[in-house]
Amino acid sequence: MSDATSTVSTVSNANTFLPVVPEWRRTLNRFLGHRGLLMGSIILGLIVVLAILAPWLVPHDPYLQNISQRMIPPVWHEKGSWEHVFGTDKLGRDYLSRLLYGARISLTIGLSAALISGLIGTTLGVLAGYFGGRVDAVISYIITTRLAMPVVLVALAMSALVGGSLQMVIILLGLLLWDRFAVVARSTTQQLRDAEFIASAKVLGASTTYILVRELLPNILSALIVVMTLEMAHAILLEATLSFLGLGVQPPMPSWGLMISEGKAYMFFKPWVIAIPGIALMVLVLAINLVGDGLRDMNAPEGRN
Amino acid sequence: MAEYALELTNLSRHFYLKNGAFKEPTLLKAVDGISLRIRPGETLGLVGESGCGKSTLAKMILGLLEPTDGDVLINDKMRGASSRLSMSRQLQPIFQDPYSSLNPRKTIEQIIRLPLQLHKMGDANSQQKAVKDISDLVGLPERLLTNYPGQLSGGQRQRVAIARALILKPNILVCDEPTSALDVSVQAQILNLLMDLKKELGLTYLFISHNLGVVEHLVDRVAVMYRGKIVEQGTREDIFQNAQHPYTQALLSSVLTPEPALGLPEVLDSSAWNQAS
Ligand SMILES: Nc1ncnc2c1ncn2[C@@H]1O[C@H](COP(=O)(O)OP(=O)(O)O)[C@@H](O)[C@H]1O
Ligand SMILES: [Mg+2]
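Those protein sequences? They're chains A and B, same order as listed.
For the record, in the first sequence the residue sitting at position 166 is 166 according to the numbering used here, with numbers rising by one throughout.
Numbering-wise, the numbering used here comes out as the position in the second sequence, counting from 1, plus 305.
Just so you know, these hints were derived from the structure itself, not from any lab.
Hints are supplied without guarantee of correctness; some may be wrong.
[Unchecked claim] Sample of chain B residues facing chain A (criterion: CB under 7 Å; computed from the structure):
{"id": "1", "residue": "L367"}
{"id": "2", "residue": "L369"}
{"id": "3", "residue": "R389"}
{"id": "4", "residue": "L390"}
{"id": "5", "residue": "P398"}
{"id": "6", "residue": "F400"}
{"id": "7", "residue": "D402"}
{"id": "8", "residue": "L407"}
{"id": "9", "residue": "N408"}
{"id": "10", "residue": "R410"}
{"id": "11", "residue": "P420"}
{"id": "12", "residue": "L423"}
Just so you know, even glycine gets a beta-carbon here, dropped at the ideal spot from N, CA and C.
Taking the hints into account, I'd like the entire structure generated from these sequences.
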């Protein structure tokens with residue numbers, strides 16, 4: 001290399017040296033600095049751990065009925081006991097055990113439905129945004145059609161038609177909740193489609209699949225993860241709704257929506273039977289939303305390097 | 306050796322601009338019948354104001370945009386006659402904006418290595434070595450290879466883009482305003498680097514700029530573009546000392562204008578114009 005270039009490069013290093021803070025340290029600092037995200041992650045993490053460890057944690061079999069132990073109030077009630085911390089339901093099943101197993105159902109449904117709909121919506125949105133033109137026209141039409149359908153009504157009608165079960169609820173919600181993924185994937189793809197790094201990959205002879213999956217997708221993933229949290233919360237609430245109406249997860253499974261439904265006859269005299277699963281549902285959805293909001297803030301432009 | 310590294314024959318690209326749902330779309334001849342020839346080892350400067358069609362021309366040469374009419378020949382072979390992969394081993398771009406030309410989610414090492422991976426050249430070890438060698442060549446410190454583009458300055462990023470373009474050892478570079486997004490202090494460094502590389506590797510350049518001043522010290526020949534057409538071309542001396550076309554004269558005097566904000570002087574009097582073209 002000639003002298004000119006080597007001096008040139010030393011000059012540019014001196015001029016443009018940026019402090020090298022490792023990427024993960026900066027991410028960690030921003031994470032810890034965001035109170036909502038921190039709280040949400042702690043609560044959500046706790047719920048996930050409890051759900052995973054439920055078989056080893058539960059004090060009783062969540063399906064075991066005991067007629068002589070019906071409607072025992074929770075421990076803080078004057079007639080409560082440590083034997084059943086959250087009391088028992090109308091069939092004498094331990095409420096805490098059912099609650100922990102219910103967390104598994106909620107999380108499974110939320111995650112699976114959001115994954116299915118994420119796959120559908122991202123595929124449609126990326127194709128529409130990248131190719132534009134006629135492909136975009138067709139996919140936009142599909143998105144508009146989907147947006148015109150009231151989710152709850154369609155979900156109710158469909159599950160009434162095919163009958164409720166865990167798998168059915170997952171598939172149904174997966175097929176219904178992809179619209180926000182599609183809209184976000186489409187617009188973020190449109191913004192990146194003409195970026196010069198995509199053009200460079202094209203010139204290099206990269207296949208369209210490579211460009212979409214390896215060059216484009218990593219750049220829109222953070223936006224999609226935010227949508228993912230929203231749709232997870234959405235799916236969990238819809239499952240509770242369907243189960244409450246008897247069209248979702250079927251007894252004797254301990255879905256939180258089903259627990260509220262089974263307790264509704266007692267709610268005026270023994271309010272804890274619906275308060276406990278109701279609060280659990282609220283805390284879970286709140287935690288997921290806090291995480292989603294926090295992730296969105298972390299990805300906001302001013303936070304980016 | 307091919308007679309011409311790059312040859313454009315009567316290359317055109319038209320756009321139809323929509324004017325609302327009920328009006329006829331207007332025809333925009335962004336590139337209008339351009340013919341150019343660049344010999345191996347030569348540097349041709351393509352100069353014209355913004356919006357005159359320079360990038361559209363570059364995109365057609367790179368195969369990113371289909372021409373409406375005309376042909377692009379690379380090393381005497383028609384573009385399109387051979388695969389993108391083999392074309393990309395002969396011709397590579399340097400883009401204008403080093404902030405958008407590097408994938409923000411990949412490390413510098415991954416970015417420079419990508420061409421080798423796509424072309425399945427060598428194993429992991431030899432690829433890593435090639436990345437180090439080329440980074441050396443373009444004056445990119447090795448410690449930056451594990452960083453992300455966001456941690457680099459504009460000049461460093463443009464060096465990465467140059468390394469990526471050169472790693473397949475092409476003989477032609479299409480540089481579309483490679484320095485106009487950079488700080489003035491960094492521009493000269495990148496231009497010097499490009500010239501050194503040209504000497505060392507015997508590269509052919511199509512060097513696009515809206516600024517005659519930028520190309521003055523780099524090019525062998527200059528082509529002046531106005532509204533999709535080449536209005537004048539010649540050797541560097543021809544253009545800088547003896548420009549014939551009033552548009553070229555206007556561009557030259559705008560370079561020499563003491564106050565850059567004054568812009569193009571008003572010498573585009575139409576009679577002189579018609580005479581010259
Ligand atoms: N995809 C497109 N659709 C419509 N018009 C375009 C498109 N690309 C470029 N143009 C128009 O073509 C003209 C030339 O653009 P461009 O080649 O980018 O100019 P330059 O690079 O010289 O600044 C401009 O008027 C621009 O608006
Ligand atoms: Mg341009």
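### Query
Which hints, by number, does the structure contradict?
none
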